[in-house]
Structure formats: C-alpha cells, structure tokens
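Colleague: Read off the chains here:
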Amino acid sequence: MKCENVEFEYIAAPDELSIEAKTHIESCAVCQRMVNQQVHFNKKLTDVLNQPVPNNLRHASREYVQRNKVINWSFPKASLALAASVLLAVGLVRVNLVNDASGFSVDRLVVEHFEHDGARSMKASHVIAPTQLTQLAHSFGVQVNLANAVSFAERCPIGDSYGLHMVYQFKGQPVTVIYMPDIQLTTTLPFHYSGLHGWVKPLEKGSIAVIADSDIDLPSEEYAENAVEWI
Amino acid sequence: MGQVKRKELDYERLVLVYSDELFRYSLWLCRDKSMAEDLVQETCLRAWKSLDKLKENSSSKAWLMTILRNEHARQYARYRPEMVDLDLDLVSLKDTDNDTSSEAFALKMALNELADEYKEPLLLQVICGLSCEEIGRVCNITKGAAMTRLFRAKKKLRDVLQAEEG
Ligand SMILES: [Zn+2]
Ligand SMILES: [Zn+2]
Chain L
468 MKCENVEFEY IAAPDELSIE AKTHIESCAV CQRMVNQQVH FNKKLTDVLN QPVPNNLRHA
528 SREYVQRNKV INWSFPKASL ALAASVLLAV GLVRVNLVND ASGFSVDRLV VEHFEHDGAR
588 SMKASHVIAP TQLTQLAHSF GVQVNLANAV SFAERCPIGD SYGLHMVYQF KGQPVTVIYM
648 PDIQLTTTLP FHYSGLHGWV KPLEKGSIAV IADSDIDLPS EEYAENAVEW I
Chain R
217 MGQVKRKELD YERLVLVYSD ELFRYSLWLC RDKSMAEDLV QETCLRAWKS LDKLKENSSS
277 KAWLMTILRN EHARQYARYR PEMVDLDLDL VSLKDTDNDT SSEAFALKMA LNELADEYKE
337 PLLLQVICGL SCEEIGRVCN ITKGAAMTRL FRAKKKLRDV LQAEEG
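Protein chains in written order, with the working numbering: chain L, 468 to 698; chain R, 217 to 382.
Derived from the structure by calculation, the hints contain no laboratory data. There is no bait here: all hints are sound.
Here are the simulated lysine to any residue pairs, SDA-like style, with alpha carbons at most 20 Å apart: (1) R:K265 <-> R:E228; (2) R:K371 <-> L:Q505; (3) R:K371 <-> L:F508; (4) L:K638 <-> L:D682; (5) R:K371 <-> L:V506; (6) R:K371 <-> L:Q504; (7) R:K265 <-> L:R534; (8) L:K510 <-> R:Q378; (9) R:K372 <-> L:E471.
Let the sequences and hints guide you as you build the complete structure.
Modeller: If you want it as structure tokens, here you go:
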C-alpha cells in the first residue's frame with residue numbers, strides 16, 4: 468500500500484482503517500509522523516466542534532413533544548381507523564366530563580382503547596358475516612343498516628361504557644363509525660385534526676361518531692344517523 | 217406494558233439519548249444557538265411521529281441526523297431571506313465559546329467558511345460518530361464521496377491551523 472493512500476484513509480476516517488493501512492503504518496516512519504500530526508489536529512477539531520449543550524435541552528425537547536404530539540398528529544393511512552377511535556375517545560371525554568363517572572384520565576382511556584382493538588380494526592379486509600353483525604348490533608338494541616360494507620365490528624369500552632365500533636367502506640374508503648348508547652351529547656360536535664375529520668352527533672339514545680381521513684368524503688349526518696336503527 | 221408507555225421508552229432510548237449530538241450538529245448548521253434549539257425540538261417531534269418507521273436500533277443516530285438535516289433544509293428555504301450574514305454568525309458562535317485561543321478561533325472561522333457539502337460529513341463524523349457508510353446515507357452520496365469530502369475538509373482546516381501556528 469502506498470503512503471498517499473494510507474494518508475487518505477487515515478485523514479478521512481481514522482476509526483475505519485483497513486488492515487492493510489494499519490499494517491503499513493506499523494512499519495512506516497513517514498506515515499507514523501502523519502498519524503501523530505493528525506491525532507493532534509483531530510483533538511483540536513473535536514474540542515472546537517463539541518460546543519457546550521444547554522442544560523435544559525433534553526427537558527425542553529421532551530416538553531415540546533408532549534405539547535405538540537397530539538395536536539399535530541398526522542396519520543399513516545393504514546392506522547386511520549385506529550387513530551380515529553382514539554381521538555373519538557378524547558373528544559368525548561372533553562364534552563362528557565360530567566357524565567363520565569369513572570374518573571379515568573384521558574390518557575388512560577386512550578391507552579385502553581388503543582390496546583384493546585387498535586391494530587385489528589383496519590386489518591380486517593373482508594366483510595363480516597351479516598348474522599354476526601346482527602347479533603352484535605342486537606346486543607346494543609339496534610340494527611345496523613350498512614349491509615355488506617362492514618369489515619370490522621366490535622363491542623369496545625369507551626369511557627366507562629361500551630360502544631359499537633365499526634369500520635365500513637363508504638365510496639370505497641374506510642370510515643369508522645362508533646355508536647355509543649350511553650354517551651349523551653346536546654349538540655353535534657365536529658372536529659378536524661391534521662389529516663382527519665369527523666363529528667359526534669347526538670341521537671335519540673346515545674350518540675354516534677363518524678371519522679375519516681381528511682381526503683375522504685364523510686357520509687352525510689343523515690346517512691350516518693340512518694345507519695343505526697332501534698329495534 | 218402499554219403501547220404508549222413502550223413508545224415513550226423507545227423514544228427516550230432512541231431519540232433523547234442523542235440530544236447532545238443533535239444540538240451540536242444543529243448549532244453548526246444554523247450558527248445560532250436559539251435556532252439550533254428550535255431545530256432540535258422540531259427534529260424530536262418528527263422523530264416521535266415517525267418512530268414506528270425506525271426498524272433497527274443501530275442506525276437510529278443516522279436516522280435522527282437525516283431528520284434534522286431535512287428539517288434544516290426545509291427551514292433554511294423558508295427563512296433564507298432573513299438569514300444573518302457571516303459576521304453575525306461568528307458573533308453568536310463566540311457566545312458559546314469554550315476555547316478562546318486564536319487557534320480555536322481560526323478553526324471556527326475556517327469551519328464557517330467551509331461549504332456545507334464538506335462541513336456536513338465532518339460534523340456527522342466528529343460530532344455524531346457516524347461511519348462513512350452512514351454519512352453517505354444521510355447526505356445522499358456514496359461512501360467513497362463521503363471519504364473524499366472528509367479528506368478535503370480536514371486537509372483544508374489543517375492548512376488553516378498550520379498557517380496560524382507559524
Ligand atoms: Zn507510509
Ligand atoms: Zn374499538
């Protein structure tokens with residue numbers, strides 16, 4: 468190996484030397500001198516580059532993320548329904564603080580719902596059997612009129628009561644609908660987060676939420692309202 | 217353990233653990249302390265949001281530096297008209313000085329004058345400890361190009377120091 472190649476390697480990346488270069492240096496006085504000079508230089512360079520770091524930097528960064536992570540949440544398409552149901556829980560807690568006797572913190576509600584069914588709700592790609600859906604809906608005292616379009620339906624804990632959480636295809640796009648018989652509202656609550664929109668609407672009994680990606684058209688309130696019928 | 221809790225731990229382990237390196241890299245890119253802090257915070261937020269995309273822990277440092285670099289490019293494009301000139305940059309760097317020797321000052325001047333394409337690989341290697349391979353990935357160049365730029369950058373800075381010494 469030539470001295471100039473060794474010099475190139477050593478100056479460029481002293482910590483990544485090839486075995487050939489290392490061997491060459493051991494037996495070459497010229498390169499040893501170069502290495503000594505370079506060690507001296509690297510020390511100075513490191514001292515200048517490693518400027519002091521503000522003491523509170525880590526703390527400030529942690530706080531900044533805490534403050535901003537929810538408001539500016541943007542969702543990968545695949546986890547939309549999941550994220551939507553999480554946001555729904557948040558939204559409901561905000562308007563139903565008085566009704567929510569459980570005393571659960573928002574965090575806890577979100578985490579619980581997240582862990583309960585999160586990933587699965589969007590993964591289901593096939594339409595669920597009508598009898599299965601009928602049975603589940605009946606347990607809520609309702610009938611679901613979203614025939615042959617529901618790919619996910621489950622009884623989910625929302626706050627201190629249960630909701631009927633469904634994902635269905637509307638104009639070929641997944642939309643999440645959650646019927647919550649025990650959560651009352653006085654007026655429709657629309658919401659719009661980064662990458663996401665929807666609303667929660669009071670019904671005769673309980674309320675219903677519809678959520679989808681901002682790019683996706685929401686079904687009209689009337690349409691969604693008719694999705695659930697009392698029996 | 218809950219998914220959120222686990223994510224917070226991952227975040228501490230993969231992102232916040234490198235906050236010093238992020239800040240130093242950021243400081244030399246921005247040449248301004250408070251801009252550098254803002255850039256680190258924004259980088260942390262972006263890292264949090266895309267933590268799921270980080271598969272392999274060993275490359276988390278390079279991944280973070282890429283986020284910071286992209287974010288800097290985005291902000292720089294936005295703020296460019298108001299960018300301070302070189303004299304002001306040097307004043308603000310002096311504020312953070314931990315070495316007042318003339319050699320150190322000459323080295324700083326030379327670093328500030330170094331074109332970004334040479335300065336960045338140097339920062340990534342000396343401050344962040346990235347390998348040439350990783351530097352190449354962060355800067356979108358080959359490993360060989362990274363080595364060449366590192367070689368030239370150090371040669372140039374060494375010449376400045378030698379001139380200073382005598
Ligand atoms: Zn030699
Ligand atoms: Zn659910």
